[in-house]
Amino acid sequence: MLEMHGISKIYRTDLIETHALREFSLKVGDGEFVAVTGPSGSGKTTFMNVAGLLETFDNGTYRLDGDDVSRLSDEQRSKLRNEKIGFIFQSFNLIPDLDIFDNVDVPLRYRGLARKDREQRIKSALDVVGLSSRMHHMPSQLSGGQQQRAAIARALAGDPRFLLADEPTGNVDSLMARQVMDLLEQINEMGTTVIMVTHDPELARRAHRNVHIVDGQISDFKPFEPNDDVPSLNVGQPVPATMAPA
Amino acid sequence: MIAWNIRPIASALWRNRTGALLVAFQIAIGLAVLVNAVYVVKQRVEKIGRPTGMDTANMIWVASAGFAKNYDYDTSVREDLATLRGLPGVKAASLFSNIPLSGGGSANGFQNRPGEVPPKESVPGNNYDVDEQAIAALGVKLIAGRPFEAQEILPASKTFDTSPQAIVTQAFAKELFPNDPNPLGKTFYDGLSKPIVIVGIMEQMQGAWVGWDKLDHVVLFPRMKDGPSSIYLVRTEPGRRDAVMRDIEAKLGDSNPGRLLRWVRPFDYFIDQSYLDDRNMAIFLVSVTSALLAITALGIFGLATFNVSTRVRQIGTRRAVGARRFDIVRHFLVENWMVTTAGIVAGCGLALAIGYRISVEYELPRLDLYYLVGGVLCIWLIGLFAAWQPARRASAISPAVATRTV
Amino acid sequence: MLGYYFQLAFRNLRRNPGLTMLMIGAVALGIAVCVMTLTMYRAMSGNPIWWKNDVLYAVTMDFWDPQQPNDDKKPALPPPQLTYRDAMAVYRSDIPKHKVIMHKAIGIVSVDGQQAKPERAATRVTTKDFFATFDVPFQYGGTWTDAADSGPEPVMVISRKMNEKLFGGVNSVGRRIRWNDNEFRIIGVRDNWLPLPAFYDVNNGALEEPEDVYIPFGWNAALEIYSAGNTNGWKPEDIKTYQDFLNSENVWIQMWVELPDSATRDRFQAFLDNYAREQKQAGRYQRPINNRLTRPDQWLIDNNVVGNDDRVLVGLAFAFLAVCLLNTVGLLLAKFLNNAPLTGVRRALGASRKQVFMQHLVEVGVISSIGAVLGLALGGLLLLGLRALYTVDPTDAGGTQALAHVDVTSVVTALALAFFATIAAGLYPAWRIGRIPPASYLKAQ
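Protein chains in written order, with the working numbering: chain A, 781 to 1026; chain B, 540 to 945; chain C, 686 to 1130.
So here's chain A without its partners, still in its complex pose:
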């Protein structure tokens, strides 16, 4: 589904040239759950921006569903992001002046769907993340975990080809973090591809596959060894009742 080959991204200022991504290649197939890991400054964010069509790249090819995206105009890229990618940001990025319903609505509006269609999608997305009762609350009235779930609903509502998650549990407490991860797994099981960028090896473990970036390049170095002292969550188990969404 997603093919990046030999991608380079260089940031230039008057004084410095930073090679954020160097000969970076990655293939992601339908239904995969991939974690992209690496220390801070490794180029994870740049990878996010390029993969998510938020920024252009300097060299290499990027094919999304077989289409070459490098020569697309800004308008075409926006359309592609809208239809194919569901973003989940580390700082949620919910619009504070809109309620949850309207927040989830934002990408749907840009797609130009009819009102009934949008309403239906929003409702079912909020259902999946378990926030139906909070549809008309403001983001400031929700906890961190709930806000992230709302953001996930926003990402889902448009039926994207893949979710692109950036440290999805970074700003969330550990209890909620598990819920968020469970949700991501659930969504992945329902068929949506998930690409997650994280520095947390714990989270990375829950993915099917890990890709490790160091200094803008993929490294073969395995980031962790299984350790008996660290409890691990089993993939595929139902969420215990005590951790059900509030």
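Since the hints were made in silico from the structure, they are not lab data.
DSSO-like mimics (lysine-lysine), calculated; alpha carbons at most 27 Å apart, straight line:
{"hint": "1", "chain 1": "B", "residue 1": "K697", "chain 2": "C", "residue 2": "K789"}
{"hint": "2", "chain 1": "B", "residue 1": "K753", "chain 2": "C", "residue 2": "K920"}
{"hint": "3", "chain 1": "B", "residue 1": "K753", "chain 2": "C", "residue 2": "K759"}
{"hint": "4", "chain 1": "B", "residue 1": "K733", "chain 2": "C", "residue 2": "K920"}
{"hint": "5", "chain 1": "B", "residue 1": "K608", "chain 2": "C", "residue 2": "K850"}
{"hint": "6", "chain 1": "C", "residue 1": "K758", "chain 2": "B", "residue 2": "K581"}
{"hint": "7", "chain 1": "C", "residue 1": "K850", "chain 2": "C", "residue 2": "K802"}
{"hint": "8", "chain 1": "C", "residue 1": "K789", "chain 2": "C", "residue 2": "K758"}
{"hint": "9", "chain 1": "C", "residue 1": "K925", "chain 2": "B", "residue 2": "K764"}
{"hint": "10", "chain 1": "C", "residue 1": "K802", "chain 2": "B", "residue 2": "K608"}
{"hint": "11", "chain 1": "C", "residue 1": "K789", "chain 2": "C", "residue 2": "K802"}
{"hint": "12", "chain 1": "B", "residue 1": "K608", "chain 2": "C", "residue 2": "K789"}
One side only, chain C facing chain B, incomplete, derived with CB under 10 Å:
{"hint": "13", "residue": "A711"}
{"hint": "14", "residue": "V718"}
{"hint": "15", "residue": "Q753"}
{"hint": "16", "residue": "G792"}
{"hint": "17", "residue": "K802"}
{"hint": "18", "residue": "P803"}
{"hint": "19", "residue": "R805"}
{"hint": "20", "residue": "P921"}
{"hint": "21", "residue": "G992"}
{"hint": "22", "residue": "G1000"}
{"hint": "23", "residue": "L1016"}
{"hint": "24", "residue": "R1117"}
Ideal Cβ positions, reconstructed from N, Cα and C, are used throughout, including at glycine.
Here the structure of chain A is known, so what remains is to put chains B and C in place on it, guided by the hints.
Only chains B and C this time, still in chain A's reference frame:
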């Protein structure tokens, strides 16, 4: 497919309404001021632009004041007129009792029949005592009748006295004889029932006071103005006015020690003086209104810029989830349009209220609705123009902003 | 603490010079336009004899056309001037402390043996009390006597300006001077005097300079002088001679009296009413008795000295100021809210709401002070420009000189207006910024 997003934009705007309300108030005031200022300025410009009926560009007024005990007024006037009429470039010169459009003059009530008439039927007219070259000197168009003849000119009278003939303006004749399409030759009367025959009708001429609603009611009598001061009207060939003015100064300045040649002035001097207040009012209104609209535009610009700068992250997020650059521009223009329209709605009421007040105080016709429509369109355009650049800048915000932390 | 706030204020303002200049500019502009318009308005509407407003009265009597009032728009008011007969008759009363009957005329003034050309002089033909009634100052000499009025005696008072032109400014009392070729003797020089508006004679223009020559009232009959002001009449009369004119119903004489207390005022009113009754019985007029004694401030209103245009302009000026201030409030609000994170830190470090409020109010105060001073200076410049607009002929500038003359009261008022208006505008933003819970701005988001 364009998503207008009106409801979400409106509810987000309402949640942060202080800044928007401040701008909306400015817009309300701006609209009210714009509409009424244009209304008043238009009235003034029309007032100043009324046709005088006279050849004012080529007319010179000369004032002479006799003061010596032995000053022979009649001879002096005869000599002066002869000199003036003999100057090169002069078409005609006449003795006048007052200067039209100067703010000073004489007016009396006339009637279309002898005896006592109710005050409502007394027709006011600006009266001037003039000589046989008056019509030529004024440059007015006679639509009926003839100019005065030399033998009709009566000697001076110290107090107001009519003559047996008069040349009047069309407007005056119409009010005297409303049912008569051709009042030439008809007789009208002064307050003492003395008869006056209309021997000429001028298409248009204006009297002394520009603020008087009977400005175009003029009555010329064939009579010499009384001394010791005289007022001469000199009409020149086109383009010769300034040269003739110099000639007059030279020839009449010291020609008679018993009198003072007070001044030689072009007609424009008096007309400008008369309309000075109106002209200045128009200038004030235009200046202050423009400044006010400029400041309002600045306020709109400021609000839009502020909104963009506080929402950088939000804009980046919207772009990330699929908004095109144009969608962002549209978002801000729509938001701006809402604020402007709110101000316009409030301003309409204010504009009409002020317009009503002005029409009552100035006794003008009511404010036409198309002023309001024009004003609204103008304000909308100003709002669009002021918000354009911030909106463009917003659309340039990169979607990568969304992935930045802090 | 206040000093610290000032430091903070200046530092904040310097950080964003563009925004600061914008705010100061908006305030200055609004104030400038207001100063300009209000000064003009004051020139038109001020009462230049306010200290005598309670004792001076214009005398008017309604001997007008029985079928319609003098002014359709103000039907209750008598005509603003008297007939010659009535003025002379009423002048005989000795009830008022001071009394004046007068009119304007034009004469040619010359001095024998001088090189300078004779000059046209605006002249006031008046009885002797003119100067005492209106508190007109003398530079040299003084006014004439009753005998001079009735004689009439060939005495004259000239203005300081004319005295400087004709005699080089020396004490010219006793010198000979010609008025329309009649010989007069100077007995006084009036010092500089420019009451604006010219309330005592509203006939020709509110911003005119006062006359340069004063001669006793009896000269109008002696020299057959007609009024150079307004002469109005309702009745068609066959006026052939000057005497006919004096006997006619034409009104052309202004009359003022000084009545120091209400008892005197009542007595004078009774006298007027009595006179009117006599005239009515003699069949002279048929309107209801309507003799009015009007104080200067009301007189100015009755005679429309302040026109509609002036009122519209004042309204416009305030609308403009309102827009400027609303703009400033908006800019202040934006600026303060933008600074909220820093304020949040201060609050976290212990600043109370009141202290935050005071700090921001001081910042507003700095802006308003600078804006006020600038606005005043700009307003002064605008007034100079105004003078140019009002002058068709520079030699004729006359009373419009005073338009550029901003007196102390105006300056103080304008400064106060500017300062307090802006402070009021800044109150809301300063209060608002104190209200924000500090925590909300300390988060990374």
